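Protein chains: 2
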Amino acid sequence: MRIAIVGCGQLSRMLALAGLPLGIKFSFINDNYQQATDCVDGLGRVVPLTKDWQEEQNIHNLYNRLGKPDLITVEKEQVDIKLLKALQAHCDILPNIEAIAACQHRYREKQLLEKLAIPTSPFAYSLPANEALKVLQLPMVVKSCRDGYDGKNQWVLKTLADIEDFDRLNIQDYIIEAWIKFEREVSLVSVRSKSGDIEHYALTDNIHENGILLQSIAPAIDQNNTLTIKAHTYMEAILNAVDYVGVMAMECFVVNDELIINELAPRVHNSGHWTQAGSVTCQFENHIRAVAGLVLGSTASLGTTGMINLIGNEQPPLSSLSVLSTLHWYNKLVKAQRKLGHVNFFDKDQVSLVQQMDDFQCAIKLNNIS
Amino acid sequence: MRIAIVGCGQLSRMLALAGLPLGIKFSFINDNYQQATDCVDGLGRVVPLTKDWQEEQNIHNLYNRLGKPDLITVEKEQVDIKLLKALQAHCDILPNIEAIAACQHRYREKQLLEKLAIPTSPFAYSLPANEALKVLQLPMVVKSCRDGYDGKNQWVLKTLADIEDFDRLNIQDYIIEAWIKFEREVSLVSVRSKSGDIEHYALTDNIHENGILLQSIAPAIDQNNTLTIKAHTYMEAILNAVDYVGVMAMECFVVNDELIINELAPRVHNSGHWTQAGSVTCQFENHIRAVAGLVLGSTASLGTTGMINLIGNEQPPLSSLSVLSTLHWYNKLVKAQRKLGHVNFFDKDQVSLVQQMDDFQCAIKLNNIS
Chain A
1 MRIAIVGCGQ LSRMLALAGL PLGIKFSFIN DNYQQATDCV DGLGRVVPLT
51 KDWQEEQNIH NLYNRLGKPD LITVEKEQVD IKLLKALQAH CDILPNIEAI
101 AACQHRYREK QLLEKLAIPT SPFAYSLPAN EALKVLQLPM VVKSCRDGYD
151 GKNQWVLKTL ADIEDFDRLN IQDYIIEAWI KFEREVSLVS VRSKSGDIEH
201 YALTDNIHEN GILLQSIAPA IDQNNTLTIK AHTYMEAILN AVDYVGVMAM
251 ECFVVNDELI INELAPRVHN SGHWTQAGSV TCQFENHIRA VAGLVLGSTA
301 SLGTTGMINL IGNEQPPLSS LSVLSTLHWY NKLVKAQRKL GHVNFFDKDQ
351 VSLVQQMDDF QCAIKLNNIS
Chain B
1 MRIAIVGCGQ LSRMLALAGL PLGIKFSFIN DNYQQATDCV DGLGRVVPLT
51 KDWQEEQNIH NLYNRLGKPD LITVEKEQVD IKLLKALQAH CDILPNIEAI
101 AACQHRYREK QLLEKLAIPT SPFAYSLPAN EALKVLQLPM VVKSCRDGYD
151 GKNQWVLKTL ADIEDFDRLN IQDYIIEAWI KFEREVSLVS VRSKSGDIEH
201 YALTDNIHEN GILLQSIAPA IDQNNTLTIK AHTYMEAILN AVDYVGVMAM
251 ECFVVNDELI INELAPRVHN SGHWTQAGSV TCQFENHIRA VAGLVLGSTA
301 SLGTTGMINL IGNEQPPLSS LSVLSTLHWY NKLVKAQRKL GHVNFFDKDQ
351 VSLVQQMDDF QCAIKLNNIS
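If you read the sequences in order, they're chains A and B.
Mapping of the first sequence onto the UniProt record's numbering: residues 1 to 370, in sequence order.
Mapping of the second sequence onto the UniProt record's numbering: residues 1 to 370, in sequence order.
It is possible that some hints are incorrect.
In this list, chains with the same sequence are indistinguishable; a pair is considered to hold if it fits within one copy or across any two.
[To be verified] Subject to a maximum C-alpha distance of 27 Å in a straight line, what follows is the list of computed DSSO-like cross-link-like pairs (lysine-lysine):
{"#": "1", "residue 1": "339", "residue 2": "25"}
{"#": "2", "residue 1": "332", "residue 2": "25"}
{"#": "3", "residue 1": "85", "residue 2": "115"}
{"#": "4", "residue 1": "82", "residue 2": "134"}
{"#": "5", "residue 1": "115", "residue 2": "335"}
{"#": "6", "residue 1": "25", "residue 2": "134"}
{"#": "7", "residue 1": "194", "residue 2": "332"}
{"#": "8", "residue 1": "365", "residue 2": "181"}
{"#": "9", "residue 1": "181", "residue 2": "332"}
{"#": "10", "residue 1": "335", "residue 2": "365"}
{"#": "11", "residue 1": "348", "residue 2": "335"}
{"#": "12", "residue 1": "335", "residue 2": "25"}
{"#": "13", "residue 1": "110", "residue 2": "158"}
The set of hints was computed from the structure by calculation and includes no laboratory data.
Given the structure is predicted, the values throughout are model-derived calculations rather than measurements.
Taking the hints into account, I'd like the entire structure generated from these sequences.
Structure (structure tokens):
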């Protein structure tokens, strides 16, 4: 079996590293002409998308150059839907194109959540900020419908002056959301098979800084399972509504024991990287199992697990590893604010885990200074 | 960091798949001119050994073509010691050459065990079988000193006629061992770091057929830890005696709560494949951590784990996988009696594990018949 993945980043890398042991071969579509392919080099064929891909003969050639994959999946939501539709003439696209389309545009995502009566923050679509002020209160946050990730293309509006400034920018295609004063952020990563089976990983506590995920700990603190039960209900409603196949992630704000859904990702997710160390089957293998039509692997947790993202570090911090931690380094070109790798931590309880993660952070800081 | 491995088989494949996430790059020396390199294709540079490697300039070229690795390790004991010594002029060889040399020759291995007063079966070295009969009783087993693995180049002598037949074969360089009537076979896989730290994986129960490992279950049945304590003592004596760095495996016969050491392997081992599913850090990552000079990862078990070798199967048995099993397929050319992959099983207790493994064996048989 051969699977092609759209995208050549670290998620494609880890999908391939999890799928190669199953005897599955991989190809990667480089749909970003400037993107380096270091993450996936050596793990399968890398085929750059040519600018004239729209012609029928060229799509046919692309499919052939990919090695005639049995199916195509994605490592990101920002994929040209027209490209996926053209490729669908040759093989399955999983998760299905409608699901990817819904998650790649914040307004369509909001519509999906509202249709399913799943709590999400109040919003206005493509209104000037001063109009949005009639339905929302300050502070508000503006998010580009398409190009926002890791906190990019977002604007926080705190004052009337901010509103005037933003409206002058003349940004297109955005939503303006009420600013949610959340207590903490959690996420749920789940997987649905072709036959409709759903498995959930443990609810995960996440800490972001400037919109970038810094660290996760799983299982999340969740008295009486209140949040977990709600998260499962919402996730199952979404997965079944769009007949989803593969791994999906749901990011949520926690406010007074309620979940407010912030974002969906139709793919493996940074807040599920801990599953490589802390679950029977990691999210990457389970995404491959799902789209390949196999029975899902167990998502059961094996202990308490944490993950720290390595952002803009110069070297894999091998000497800072401990007996209960391991590293995933993505082979990327080093750039400030870029996710270059992550470290997973495993422990018997949350207290020792947090101590371990703190020790690692200190060791990293010392290394960077010396 | 770049590590070169001598050999292009499944052990090199799994070492690379475990080391790539750490940001380590790999090269492979193909020292067997007929060997296909499918197992490691795409995971790093593959450099075939040329027949004139002995010349100093050619060794220099080989080292350069490997990408000037920081160190060289092995996936097998049958490596030309002269080649390793020549390469040592350029970088470290780990485990050290003396340890590999001792384990690659059954008589030297026996000498090492006897020097350390570790129990092993009585034997005669390079005597005709009819002479060996003066010190050993029938049945006896003859093992080539160098070329025996998976039951190859071994002869069981049960009668005086067998003895005459064997002596007429005129075989060179062998040992004749007393046939051990063992109750069961266990193995211990351990790892020693550059700083001398030693970690042991759980003792493993193994079942062989015609000299080939069929399946493993870990932890092994071991009342009061009697066998485990002995195995640790023997292993630590061996590792420290030869200043070993990396993973070593020790195969043992169990007779009346005693261990009789059958064989040492200076490398990752088939009976440790279960560690991919059932331990915090698998044997492959720990070998890489040891030779790379890193702190060892935890060898703690996460539950009960089993492994079934896939021998001479035509296809990866993806459709036979269950929620608690996963597959490692090696991408080899299919041949009868060849190890083509293995399946790891994880479970909460030994009873459910054995049931799961039986179900898998049945599913495989049905698939092969239909």
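So, going through the hints one by one against the coordinates:
In this homomeric assembly, residue 339 and residue 25 come within 27 Å of each other (Cα to Cα) both inside a single copy, at 26 Å, and across copies, at 20 Å. Taking the shortest alpha-carbon separations for residue 332 and residue 25, both the intra-copy value of 22 Å and the inter-copy value of 13 Å come in at or below 27 Å. In this homomeric assembly, residue 85 and residue 115 come within 27 Å of each other (Cα to Cα) only inside a single copy, at 25 Å, whereas the closest approach across copies is 70 Å. For the identical chains of this complex, residue 82 and residue 134 are neighbours neither inside a copy (37 Å) nor across copies (82 Å), given an alpha-carbon limit of 27 Å.
Within a single copy, residue 115 and residue 335 get their C-alpha atoms no closer than 40 Å, and across copies no closer than 56 Å, so neither meets the 27 Å cut-off. Proximity of residue 25 and residue 134 under a CA criterion of 27 Å is satisfied in neither setting, with 54 Å inside one chain copy and 57 Å between copies. Taking CA atoms no more than 27 Å apart as the test, residue 194 paired with residue 332 passes in neither setting, with 33 Å inside one copy and 29 Å between copies. In this assembly of identical chains, the alpha carbons of residue 365 and residue 181 never lie at most 27 Å apart, being 31 Å within a copy and 59 Å across copies at closest.
For the homomeric pair residue 181 and residue 332, neither the shortest alpha-carbon distance inside one copy (35 Å) nor that between copies (56 Å) is at most 27 Å. For the homomeric pair residue 335 and residue 365, the shortest alpha-carbon distance inside one copy (17 Å) is at most 27 Å, but the shortest distance between copies (53 Å) is not. Neither within a single protomer nor between protomers do residue 348 and residue 335 lie at most 27 Å apart by alpha-carbon distance, with minima of 35 Å and 44 Å respectively. For a Cα distance limit of 27 Å, the shortest separation of residue 335 from residue 25 across copies, 21 Å, qualifies, whereas the shortest one inside one copy, 30 Å, does not.
Proximity of residue 110 and residue 158 under a CA criterion of 27 Å is satisfied intra-copy only: 23 Å inside one chain copy versus 78 Å between copies.
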